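Peer 1: Chain by chain, the residues run as shown.
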Amino acid sequence: KQEVTQIPAALSVPEGENLVLNCSFTDSAIYNLQWFRQDPGKGLTSLLLIQSSQREQTSGRLNASLDKSSGRSTLYIAASQPGDSATYLCAVTPGNDYKLSFGAGTTVTVRA
Amino acid sequence: NAGVMQNPRHLVRRRGQEARLRCSPMKGHSHVYWYRQLPEEGLKFMVYLQKENIIDESGMPKERFSAEFPKEGPSILRIQQVVRGDSAAYFCASSPETGSGSLAKNIQYFGAGTRLSVL
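Here the protein sequences line up with chains A and B, keeping their order.
Each residue of the first sequence is one higher than the last, beginning at 222 in my numbering.
Each residue of the second sequence is one higher than the last, beginning at 20 in my numbering.
None of these hints come from the bench; they were simulated from the model.
Small disclaimer: the values here were computed from a predicted structure and weren't measured.
Honestly, I wouldn't trust all of these hints.
Okay, the calculated bits of chain A under chain B, using three or more residues with CB under 8 Å as the criterion [unchecked claim]:
#1 254–265
#2 318–329
A few chain A positions that, by computed beta-carbon distances, are all more than 12 Å from chain B [said to hold, decoys possible]:
#3 Glu224
#4 Gly237
#5 Gly292
#6 Ala299
Ideal Cβ positions, reconstructed from N, Cα and C, are used throughout, including at glycine.
When you get a sec, could you build the whole thing from the sequences and use the hints?
Peer 2: Next comes the structure, spelled out in structure tokens:
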């Protein structure tokens with residue numbers, strides 16, 4: 222059974238600092254890994270999707286890396302802004318399945 | 020092209036009442052998935068449906084919960100005789116039919132969720 226863990230559970234940083242969010246998963250037989258953003262009381266916004274054959278994906282200030290063999294992914298957010306305050310969820314798609322396995326998330330607060 | 024639409028956004032029920040959650044998939048999507056997010060936990064898979072068929076309900080509680088995706092209209096997640104432990108955010112996702120033979124390739128697009136509160 223796939224277990225997805227996100228550390229830390231919460232993070233507070235001053236504006237401008239870089240953010241590093243960690244995600245680990247127990248079964249390396251994944252098809253892809255996604256990072257989502259969830260705002261309070263709102264839905265999920267997909268930020269980045271990394272296929273199992275890829276090592277990283279970038280979008281603007283966001284960069285996500287994937288080390289499938291060690292079961293780890295890291296989301297980097299450069300030069301954080303108060304608008305980056307949200308909960309960030311990591312989810313993996315199993316090898317040939319549709320049931321996404323989600324971590325519990327990291328709640329980020331960027332202080333102005 | 021509207022995204023996945025869920026309604027209501029917030030639903031309050033008293034213990035013992037019924038809750039009906041609706042999900043309209045993105046246009047052209049024939050696969051629907053329901054997930055539940057309990058407080059302080061990650062989303063957990065509940066059920067996967069295609070039009071008029073339940074494909075996988077392995078994550079759904081055996082009692083009081085049911086789901087459907089009729090030929091016409093939205094997918095419905097129904098919870099009968101709600102209890103306080105049912106309070107959660109319920110998310111729906113949809114994906115297109117890629118014809119690739121690999122369900123993992125069907126990227127899921129999520130709705131905004133329905134937050135159910137049971138008093």
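Peer 1: Does each hint hold? Answer for all of them.
Peer 2: Checked hints:
Under a criterion of three residues with beta carbons nearer than 8 Å to beta carbons of chain B, the stated coverage of the segment 254–265 of chain A is upheld, 5 such residues being counted. Only residues whose beta carbon comes within less than 8 Å of a beta carbon in chain B count, and the segment 318–329 of chain A has 9; three or more means the coverage holds. With a cut of 12 Å on Cβ distances, Glu224 (chain A) falls inside the contact zone with chain B, its closest approach being about 10 Å. Consistency note on Gly237 (chain A): stated as away from chain B, and its beta-carbon is indeed over 12 Å from all of that chain's, at 29 Å minimum.
The beta carbon of Gly292 (chain A) is kept farther than 12 Å from every beta carbon of chain B, the shortest such distance being approximately 16 Å. Every C-beta of chain B lies more than 12 Å from that of Ala299 (chain A), the closest at about 25 Å, which supports listing it as non-interface.
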